[in-house]
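Throw the hints in and build the complete structure from the sequences for me.
Protein chains: 8
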Amino acid sequence: MDEFARLDTGRPARTGQPEVVYAEPKTPAQVAACVRGLLAAEGTAPVMATRCSPEQAAAVPEADYDPVDRLLVARSRPVDAGRGHIEVVCAGTGDLPVAAEAAGTLTAFGVSCATLVDVGVAGIDRVLSHRDRLAAADVVITVAGMEAALPSVVAGLIPAPVVAVPTSVGYGATFEGLSALLGALTSCAPGVAVVNIDSGFGAAMVALRVMRVAR
Amino acid sequence: MDEFARLDTGRPARTGQPEVVYAEPKTPAQVAACVRGLLAAEGTAPVMATRCSPEQAAAVPEADYDPVDRLLVARSRPVDAGRGHIEVVCAGTGDLPVAAEAAGTLTAFGVSCATLVDVGVAGIDRVLSHRDRLAAADVVITVAGMEAALPSVVAGLIPAPVVAVPTSVGYGATFEGLSALLGALTSCAPGVAVVNIDSGFGAAMVALRVMRVAR
Amino acid sequence: MDEFARLDTGRPARTGQPEVVYAEPKTPAQVAACVRGLLAAEGTAPVMATRCSPEQAAAVPEADYDPVDRLLVARSRPVDAGRGHIEVVCAGTGDLPVAAEAAGTLTAFGVSCATLVDVGVAGIDRVLSHRDRLAAADVVITVAGMEAALPSVVAGLIPAPVVAVPTSVGYGATFEGLSALLGALTSCAPGVAVVNIDSGFGAAMVALRVMRVAR
Amino acid sequence: MDEFARLDTGRPARTGQPEVVYAEPKTPAQVAACVRGLLAAEGTAPVMATRCSPEQAAAVPEADYDPVDRLLVARSRPVDAGRGHIEVVCAGTGDLPVAAEAAGTLTAFGVSCATLVDVGVAGIDRVLSHRDRLAAADVVITVAGMEAALPSVVAGLIPAPVVAVPTSVGYGATFEGLSALLGALTSCAPGVAVVNIDSGFGAAMVALRVMRVAR
Amino acid sequence: MDEFARLDTGRPARTGQPEVVYAEPKTPAQVAACVRGLLAAEGTAPVMATRCSPEQAAAVPEADYDPVDRLLVARSRPVDAGRGHIEVVCAGTGDLPVAAEAAGTLTAFGVSCATLVDVGVAGIDRVLSHRDRLAAADVVITVAGMEAALPSVVAGLIPAPVVAVPTSVGYGATFEGLSALLGALTSCAPGVAVVNIDSGFGAAMVALRVMRVAR
Amino acid sequence: MDEFARLDTGRPARTGQPEVVYAEPKTPAQVAACVRGLLAAEGTAPVMATRCSPEQAAAVPEADYDPVDRLLVARSRPVDAGRGHIEVVCAGTGDLPVAAEAAGTLTAFGVSCATLVDVGVAGIDRVLSHRDRLAAADVVITVAGMEAALPSVVAGLIPAPVVAVPTSVGYGATFEGLSALLGALTSCAPGVAVVNIDSGFGAAMVALRVMRVAR
Amino acid sequence: MDEFARLDTGRPARTGQPEVVYAEPKTPAQVAACVRGLLAAEGTAPVMATRCSPEQAAAVPEADYDPVDRLLVARSRPVDAGRGHIEVVCAGTGDLPVAAEAAGTLTAFGVSCATLVDVGVAGIDRVLSHRDRLAAADVVITVAGMEAALPSVVAGLIPAPVVAVPTSVGYGATFEGLSALLGALTSCAPGVAVVNIDSGFGAAMVALRVMRVAR
Amino acid sequence: MDEFARLDTGRPARTGQPEVVYAEPKTPAQVAACVRGLLAAEGTAPVMATRCSPEQAAAVPEADYDPVDRLLVARSRPVDAGRGHIEVVCAGTGDLPVAAEAAGTLTAFGVSCATLVDVGVAGIDRVLSHRDRLAAADVVITVAGMEAALPSVVAGLIPAPVVAVPTSVGYGATFEGLSALLGALTSCAPGVAVVNIDSGFGAAMVALRVMRVAR
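Going down the list, the protein sequences come from chains A, S, E, P, Z, R, W and L.
Residue 97 in numbering that gives the first Met the number 0 is what sits at position 98 of the first sequence, and the numbering runs on without skipping anything.
Residue 178 in numbering that gives the first Met the number 0 is what sits at position 179 of the second sequence, and the numbering runs on without skipping anything.
Residue 188 in numbering that gives the first Met the number 0 is what sits at position 189 of the third sequence, and the numbering runs on without skipping anything.
Residue 196 in numbering that gives the first Met the number 0 is what sits at position 197 of the fourth sequence, and the numbering runs on without skipping anything.
Residue 156 in numbering that gives the first Met the number 0 is what sits at position 157 of the fifth sequence, and the numbering runs on without skipping anything.
Residue 42 in numbering that gives the first Met the number 0 is what sits at position 43 of the sixth sequence, and the numbering runs on without skipping anything.
Residue 5 in numbering that gives the first Met the number 0 is what sits at position 6 of the seventh sequence, and the numbering runs on without skipping anything.
Residue 144 in numbering that gives the first Met the number 0 is what sits at position 145 of the eighth sequence, and the numbering runs on without skipping anything.
Everything labelled a hint here was simulated from the structure, so no lab data went into it.
Just so it is clear, the structure is predicted and the values come from calculations on it, not from any experiment.
Where is the CB? At the ideal position from N, CA and C, for every residue including glycine.
Possibly wrong hints are sitting among the right ones.
Label pairs and their in silico Cβ distance ranges [as the list claims (entries may be wrong)]:
id : chain 1 : residue 1 : chain 2 : residue 2 : range
1  : P       : Pro53     : S       : Val78     : 18 to 24 Å
2  : L       : Ala57     : P       : Val67     : 38 to 44 Å
3  : R       : Arg211    : A       : Ala40     : 36 to 42 Å
4  : L       : Asp63     : A       : Leu38     : 32 to 38 Å
5  : Z       : Thr26     : S       : Gly9      : 49 to 55 Å
Spelled out as structure tokens, the structure:
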């Protein structure tokens with residue numbers, strides 16, 4: 000088997016988003032070949048890989064790598080604040096790597112974003128004190144594990160789309176993110192859009208579709 | 000088999016709480032015999048049955064029955080407000096029967112309680128506007144289905160014990176109360192005590208133990 | 000308990016969306032009181048209830064009711080096609096009631112939408128033949144049960160946000176919508192926003208946030 | 000992102016309990032910064048972190064650390080036996096670390112407690128022989144994995160609140176604590192308050208709320 | 000398809016137990032044909048059907064039927080107390096139908112048995128007061144739902160085999176018998192033999208194998 | 000919405016199989032319209048609907064209906080034994096409706112098949128006595144609930160493809176077919192092909208693909 | 000906490016079985032103390048620990064240890080073949096460690112047993128060829144993972160009690176022993192007694208109760 | 000225990016397929032003994048082991064080993080293209096090891112096959128561009144994780160049997176392959192045959208039965 004990937008280079012034309020490499024199940028050599036193939040094939044679209052280990056990143060030394068968000072960015076777009084602004088809101092410090100994956104992806108795609116950290120609902124005044132800032136965003140991404148009450152509270156406060164990322168932070172009855180996933184899906188606040196557990200990347204992609212700035 | 004129940008009449012002396020009849024899986028005749036047996040055996044302790052159908056209640060016409068909370072109360076204790084006060088807080092109208100089961104049980108046991116209805120976190124100002132009232136309670140019982148964010152928000156606001164009853168209200172990914180149960184168990188606000196799904200009775204029993212007023 | 004609902008009349012100002020009554024767990028009298036309370040309290044915002052039974056609807060004869068989508072609409076907004084257009088895409092005939100709930104909600108809120116029925120991926124040409132129509136939509140809502148392959152295929156074809164509603168249609172290993180829910184959440188096409196099983200209403204609310212037309 | 004935590008220093012005033020650092024998902028530097036931030040911000044409240052690894056503890060050498068209960072205690076309150084007494088009851092030796100987390104937290108908060116070890120119900124006389132001691136406690140915390148029969152037996156013997164911590168001890172059909180969790184939630188003895196699997200800390204927080212001694 | 004059952008008439012010779020008809024998924028005519036086929040084919044072995052509805056029973060008027068245990072007994076064996084004795088112990092009144100299925104099956108097979116009702120562990124003295132009686136049995140069958148603590152307590156008291164039948168009595172986190180099933184499987188008392196949820200019949204069959212009296 | 004189905008009339012050309020109507024979630028009028036649409040559109044291909052209720056069948060009086068297998072057959076193909084032969088093997092009488100759905104579908108498509116009933120592995124000689132008959136089949140479909148041991152035993156005896164249909168027959172730990180589904184998927188006999196729980200139709204479709212006789 | 004175990008030395012008198020140390024969640028020092036405490040306290044009863052790691056075993060050098068069955072045996076009873084005989088039957092080579100735990104425990108308790116290996120039902124003749132040997136046993140313990148068809152086949156062949164140990168051998172849909180557990184619980188052959196996943200020890204304990212030879 | 004495996008050397012005669020060694024739970028010495036036993040016992044049938052680690056492979060140096068597909072092949076059959084052709088279709092690069100297990104097994108058994116890589120449905124044109132190639136195959140094996148939409152799309156395009164292997168690639172709500180497994184089982188395209196998660200070997204065995212070329 001001398002070929003392992005069939006790059007979908009027509010994707011930007013169809014969906015406005017280039018293909019992004021999902022590094023986790025690939026060998027370092029496969030990651031490098033995918034990233035370089037995309038760099039070669041496309042004009043100015045961002046080129047990046049997600050959930051990348053340091054070993055995989057070392058195979059593509061020409062790209063930027065951050066071990067916290069695990070993003071490998073080989074080509075990014077300059078941030079253009081005129082196109083709108085996204086807030087990434089994070090319930091606890093443990094949710095930071097997932098929030099960073101969302102923020103890092105948005106930044107690589109040239110979208111302005113900011114991160115609000117550790118505003119879990121156990122101290123509800125923390126999130127309420129940012130009410131105006133959240134209400135001004137074009138999209139808000141909430142990143143929260145455990146009972147994931149944050150998207151419900153935020154969606155009740157603002158008119159913009161709320162994208163909820165459940166995280167696997169916690170132990171016992173969190174069941175690796177299940178509690179947060181079910182919580183986000185059954186939010187009593189209507190209009191919460193849910194993505195996969197720990198998928199900061201997925202939330203960023205939903206936000207990009209909403210803002211249509213990914214072209 | 001000519002005998003179907005072995006009443007635990009020593010329970011008040013041991014635990015401060017008399018046995019309460021769990022009517023659901025019993026025949027009407029069995030419910031009637033249990034209730035009358037407890038009435039005969041004990042001095043002044045409350046005598047009641049939970050999750051009672053109208054058919055079962057009809058077999059004990061001398062007792063009070065409410066088809067909403069499904070409690071059958073054959074002997075109750077006068078409410079003594081001097082012993083403290085409990086707030087039962089309910090996220091949505093659909094949670095009312097469970098909240099009523101908690102409140103009805105407390106009342107039958109002579110404990111002062113009040114119910115605050117439809118203060119779900121999607122409109123966070125509703126619960127915040129009752130902050131002082133909640134902070135003054137000796138125990139707060141939260142009754143909430145779906146993502147069950149209410150106990151987290153309440154426990155972050157007050158010093159008293161918070162007893163969370165997850166409910167089976169909702170559809171789809173609520174999975175008959177699982178979402179609310181996992182949410183309550185993994186609350187980011189420390190000190191939430193959880194009872195079984197839909198068990199307003201169980202929450203009342205925890206509250207009674209806390210207040211030691213059940214004797 | 001002489002009061003059972005605390006209407007959140009400040010919600011339009013905060014979120015751009017009025018409160019919508021979730022009828023399922025309420026008595027007919029409660030549904031009627033909620034709907035009439037909202038009619039009285041708000042200026043021109045739509046007033047409606049979801050998952051309404053014929054018995055509940057009969058308690059509010061002044062409102063429109065459709066037994067298929069189970070929506071009770073007491074006040075709607077005229078549709079304004081200038082504000083954009085949404086496509087609701089439905090995998091099978093069995094998914095129609097959920098699709099109708101989404102479409103009916105959008106229509107009541109004054110948003111232009113159309114429904115494309117029975118374009119499941121087992122006959123992939125059916126959905127491909129509507130490629131241009133889907134690519135022109137501002138938001139696409141997919142409604143699909145069983146393995147829920149539809150959102151993945153659609154999201155790979157268009158740049159707009161794709162909101163996936165998993166449905167409980169099917170038997171056996173669908174486990175009442177679990178198969179479709181997990182499928183939508185783990186879609187290989189990035190940027191799919193998922194809502195609760197069978198929640199056409201939830202999908203409409205996400206779409207309304209995206210389009211900011213609900214005020 | 001130059002900031003990773005927003006300490007909730009108003010919490011003691013609201014809830015009577017200071018914020019406690021959940022160390023597990025944090026880097027050693029983040030744990031150290033949180034602990035030191037709390038030490039700086041608050042007067043006399045206890046300062047501690049839970050589920051701390053030796054590596055994390057090494058970053059805060061000025062605090063006490065115990066590798067069994069994994070608590071890092073930077074400031075504690077002297078124990079005042081006059082405020083009541085709590086018994087922590089442990090079904091098996093394997094449950095000891097969780098019991099120690101509960102006891103260590105109570106001690107750091109200045110509450111008198113004692114631990115009764117290895118009194119599982121397979122030898123029911125072991126727990127019965129401590130009947131009087133348990134009946135004298137203000138709160139009893141049970142720590143038990145597998146089928147978690149202990150809270151049911153204890154709650155049937157005493158009038159005080161019983162807080163059940165299910166543990167993940169065991170293998171096979173314990174499913175990492177699920178058997179014990181479901182057992183505690185469905186206890187036939189009314190009035191059992193349940194917390195998350197393995198959360199000795201959570202049980203201590205419930206007990207502190209019950210005793211209102213955490214200020 | 001003119002034939003729907005292939006009676007296993009060689010079973011008594013192989014296993015000491017005749018085939019017993021599982022009525023639930025069969026039509027009344029199928030139940031009748033199976034029962035009559037077994038009556039015709041075998042010498043003196045008991046002939047019976049389990050989980051039989053009144054409608055099914057009406058199709059075999061020559062057999063005895065009890066709507067509580069749902070057993071249809073067409074031929075039974077006289078009870079011979081000399082062959083040993085079995086105790087069926089039942090945690091709550093709601094577990095009685097399952098206990099009756101076990102006892103009725105044993106009786107039909109000619110085995111001496113007695114039933115001890117409503118001895119749940121919330122009042123542990125109830126079961127302890129029967130310690131000697133239980134210790135004298137050749138096999139003890141425990142029938143308990145919810146947390147199913149009974150088999151653990153009983154197995155810690157006696158030397159005989161303990162067969163645990165988890166029941167689906169209860170609501171919420173019992174998840175239709177799952178809590179009791181997991182509890183019985185993970186009992187801390189070694190030597191508990193578990194059968195299917197609600198299967199009083201299955202427990203009787205295990206007991207019969209233990210006593211080898213079914214021939 | 001004046002249109003509810005988009006018949007996939009190109010399917011026979013692509014897959015060799017015409018579309019079959021899944022009646023369960025449709026109204027009687029929708030079933031009738033789909034069946035008649037297919038009758039009109041296609042030359043000689045079979046036209047049928049599965050999981051049809053008597054009410055739905057009454058809307059298409061020109062078609063044949065059997066309330067046991069719930070198939071509605073509007074046009075069938077004559078059986079041609081020269082094209083091979085399929086055996087449908089059924090573990091218990093309760094599995095008969097699912098087996099009948101498989102056999103009825105095969106017959107409607109003109110494939111020779113026979114059904115072997117009640118050969119569960121508890122009496123292993125029953126299935127072994129048909130060893131030669133099974134070994135001569137071109138495909139064997141096993142239909143079994145509970146622990147679903149039948150496909151493992153059969154696949155170990157014959158060289159032909161074995162298609163396993165897990166059924167939902169049983170109670171308790173069968174969890175509505177989950178036990179049989181997991182059993183079939185993890186069969187120790189290699190080469191078992193599994194379809195959805197209770198899907199006799201699905202098994203027939205796999206068999207038809209294997210035999211390529213559906214055109 | 001200077002004490003970590005409360006040995007239940009009265010257990011042999013009550014149940015005929017001494018306490019056995021469950022080593023897995025204990026430190027090596029705790030294992031050593033428990034084993035030595037039992038050696039000191041009891042006359043002639045076997046003293047042993049289960050699920051012991053090499054590190055734990057090294058702390059008790061005076062005892063025998065086998066890294067395959069992970070049993071640490073400090074005192075055993077001579078095997079007395081006159082008391083009956085048990086067969087341990089093992090579906091695959093991967094199930095051997097669990098079978099060895101059962102056999103090793105029986106041997107330590109002085110019971111005669113033999114092991115039959117790799118007789119999975121995919122080659123049904125392998126188990127059938129041992130029909131007479133199995134029929135002669137007093138108890139048969141089956142050890143099988145995956146679909147666990149073995150207990151059904153064996154229980155259909157012999158009159159003795161069949162104790163089924165589901166194992167976690169396999170991958171994918173075995174879900175760490177769940178497939179085998181559900182299979183054993185729902186066996187179509189009546190009279191199968193089930194113990195916890197991978198618990199060869201539990202099966203031995205059931206067998207010892209059956210044979211009453213453990214004193 | 001001096002014997003650990005009972006080779007089923009009669010299997011080729013019964014099923015047309017020799018026994019294949021499942022290496023994962025065996026020691027290297029056991030793997031070597033099994034492989035050599037099969038080499039000795041059988042004439043010309045392929046001899047191989049699956050899910051083999053490098054350590055296990057090192058114990059059989061005379062056999063070929065590939066660390067990607069983890070197959071150890073000691074004797075293979077020359078590929079005979081005249082017997083038909085199988086396509087193995089793989090949704091993503093991460094699914095390659097499972098696809099390679101299927102292809103490697105087919106090749107060892109002398110069956111012609113080819114692999115089509117990275118044709119996930121997010122870029123539907125990739126799979127559509129191979130429509131003719133797929134339609135020409137005798138069997139198509141799809142290998143896909145996440146939502147596993149590939150088997151539905153493929154089965155809607157071709158007449159040949161489609162064997163779906165769900166894979167555990169992905170994170171979060173994939174729940175280790177559960178999402179893909181449920182997706183494949185509930186495919187809206189009739190006639191998909193499903194095997195265990197990650198079981199490329201199982202799919203190959205189904206394909207071999209279909210083609211009857213394994214003798």
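Numbers of unmet hints, in rising order: 1
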